[in-house]
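Trainee: As a plain string of letters, each chain reads:
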Amino acid sequence: MYSASLFGVISRIVIDTATAEDVLQDTFVKIWNSFGSYSAEKGRLFTWMVNIARNLSIDKLRSKDFKNQNKNQELENNVTFIDEQRNTVYKPELLGIKDLVESLKPEHKSILDLVYFKGYTHVEAADELGVPLGTIKTRLRMAIVQLRKYFN
Amino acid sequence: MRVEDIKAYIESGILELYVLGDVSHEEKLEVEAMAAKHPAIKAELEEIEKSLQSYADANAVEPAENLRDKILNSLVTNLADDRIFNTKEEEKPEAGVVEMSNPRQVTVYKYAFAACFVLLIVSVAALINAYRQIDQSDTLIASLQSQNQRIANTVSFKDHELEILHDASFRMVKLQGTKKSPSSSLMVAFSPAKKKVMIDMADANMPANDKDHQYQLWALVGGKPVSLGVFDADTTSKDMKEMESIASADAFAVTLEKRGGSPTPTMDEMMVLGKF
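Those sequence lines, one after another, are chains S and F.
Under this note's numbering, the first residue of the first sequence is numbered 1, with each subsequent residue one higher.
Under this note's numbering, the first residue of the second sequence is numbered 153, with each subsequent residue one higher.
Take the hints with a grain of salt, since some may be wrong.
What the hints assert, rightly or not - Derived lysine-lysine pairs resembling DSSO-like cross-links, with alpha carbons at most 30 Å apart:
1. Lys180/F with Lys137/S
2. Lys202/F with Lys137/S
3. Lys159/F with Lys149/S
4. Lys60/S with Lys149/S
5. Lys194/F with Lys42/S
6. Lys105/S with Lys222/F
7. Lys105/S with Lys180/F
8. Lys30/S with Lys194/F
Claimed, not checked - Label-pair distances were calculated between CB atoms; the ranges are:
9. Lys180/F with Glu128/S: 18 to 26 Å
10. Tyr263/F with Leu45/S: 44 to 52 Å
11. Asn51/S with Val270/F: 57 to 65 Å
12. Ala18/S with Ala185/F: 39 to 47 Å
13. Lys30/S with Ala267/F: 26 to 34 Å
14. Cys268/F with Lys30/S: 44 to 52 Å
Think of the hints as simulated: they come from the structure by calculation, not from any bench.
Keep in mind that this is a model prediction, so the values were computed, not measured.
All C-beta atoms in this analysis are idealised placements derived from N, C-alpha and C, irrespective of residue type, glycine included.
Required output: the full structure, derived from the provided sequences and hints.
Mentor: What follows is the structure in structure tokens.
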């Protein structure tokens, strides 16, 4: 029941669909094996699961195999590849609900997506966007506040 | 903590980072402690989690149909894999939890220790007992050895006596009591060939001498007395005594002299006399 939501997060970090499927499988195996360490008092199950999914996705991105695979890309393809890797504008099929996107201010959304969907830490996001850390935190909070308003 | 402080904490943005898993271990513990203490913070966390979950749901991507089966299969395979349970056990001890040692094991060690201690005491007691017995045996062996020595001495002495009695060259002379001591008597064995003189205390009947005096044996050779040595007499002495040697004698006599003997016999003190 969570698989689609988790796959959504994984797919945005690991662009390649086949790799994303591998990561999703790893995620469920890890959830299954370490379920004993989940504590309901410390938060919602989904939060715990999505953090596992995100960490595994980032591990995959940084793994030797994946990097080597990237090195084998043709030079001409590199431009589009990098664009794909860094983009925060979704592929059409990954686009969420239209009015939700519209309800988020672009600067809020970009930070939220970097951290939530791209697995950046807020420090990395500050670097990437060239924004002070404090601003990142504020914007991140504002983005989530807007989400709350939207979903309630 | 005041309400404003809680509000400031919420607005600092740390809760969002916590939900996103983007905090250090210390910060994580701090947020969890705060959430446990302040319901407002816990509620805020809940809201953040809910909205992010909704956001993820809104951005959900349905995985391919065949992926579901693939994943379920891998879970089933993993379920059958013993290593999973091992991994689980390894993950069990959490930070700050001191694992209790197995009480059963402790009891086993306790009993083992008690058993060892009892065994030690028993061993020491047995050792002491054995040592005592060895000591007793040693004493017994020593006494038996000395007894054996005495018997051997006696036997060799009796052999010697028998030798004398069986020796044809020995002649027995019985010295009879004189007027001074009519009841006294003494056996003297004399072998002129071997120049040996023996007195037999077992067959003697002499009054015991005191500390200051000793009996002296004389041989009369051509009317002249020759000293053959001194001896003591008491009721317990039963051995044969070899005296000084002499080649020939006409008669033997015993006088009571001062201790150590005299160069010439005191005729008044002659106790026994016998002619050869």
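Trainee: Is the straight-line distance between the alpha-carbon of Lys194/F and that of Lys42/S 30 Å or less?
Mentor: holds (9 Å)
Trainee: Lying within 18 to 26 Å: is that true of the beta-carbon distance Lys180/F to Glu128/S?
Mentor: holds (24 Å)
Trainee: Lys180/F and Lys137/S were given as a pair; does the straight-line alpha-carbon distance stay at or below 30 Å?
Mentor: holds (16 Å)
Trainee: Does Lys180/F lie within 30 Å of Lys105/S when you go C-alpha to C-alpha?
Mentor: holds (29 Å)
Trainee: Run the distance test for Lys202/F versus Lys137/S: straight-line Cα separation, threshold 30 Å.
Mentor: This hinted pair holds, its Cα atoms lying about 19 Å apart.
Trainee: Is the straight-line distance between the alpha-carbon of Lys159/F and that of Lys149/S 30 Å or less?
Mentor: holds (18 Å)
Trainee: Lys60/S and Lys149/S: Cα distance at most 30 Å?
Mentor: violated (34 Å)
Trainee: Keeping to a limit of 30 Å between CA atoms, is the pair of Lys105/S and Lys222/F held or broken?
Mentor: Violated - the C-alpha atoms of Lys222/F and Lys105/S are around 39 Å apart, more than 30 Å.
Trainee: With 39 to 47 Å as the target window, see if Ala18/S and Ala185/F comply at their CB atoms.
Mentor: Distance hint for Ala18/S, Ala185/F holds at roughly 43 Å.
Trainee: Between the beta carbons of Asn51/S and Val270/F, is the distance compatible with 57 to 65 Å?
Mentor: For Val270/F against Asn51/S, whose Cβ atoms are near 59 Å apart, the range 57 to 65 Å holds.
Trainee: Hint says 44 to 52 Å; check whether the CB-CB distance for Cys268/F and Lys30/S agrees.
Mentor: holds (49 Å)
Trainee: Next pair to validate is Lys30/S with Lys194/F; report whether the Cα-Cα distance is within 30 Å.
Mentor: holds (27 Å)
Consistency note: the structure conflicts with the earlier hints numbered 4, 6 and 13.
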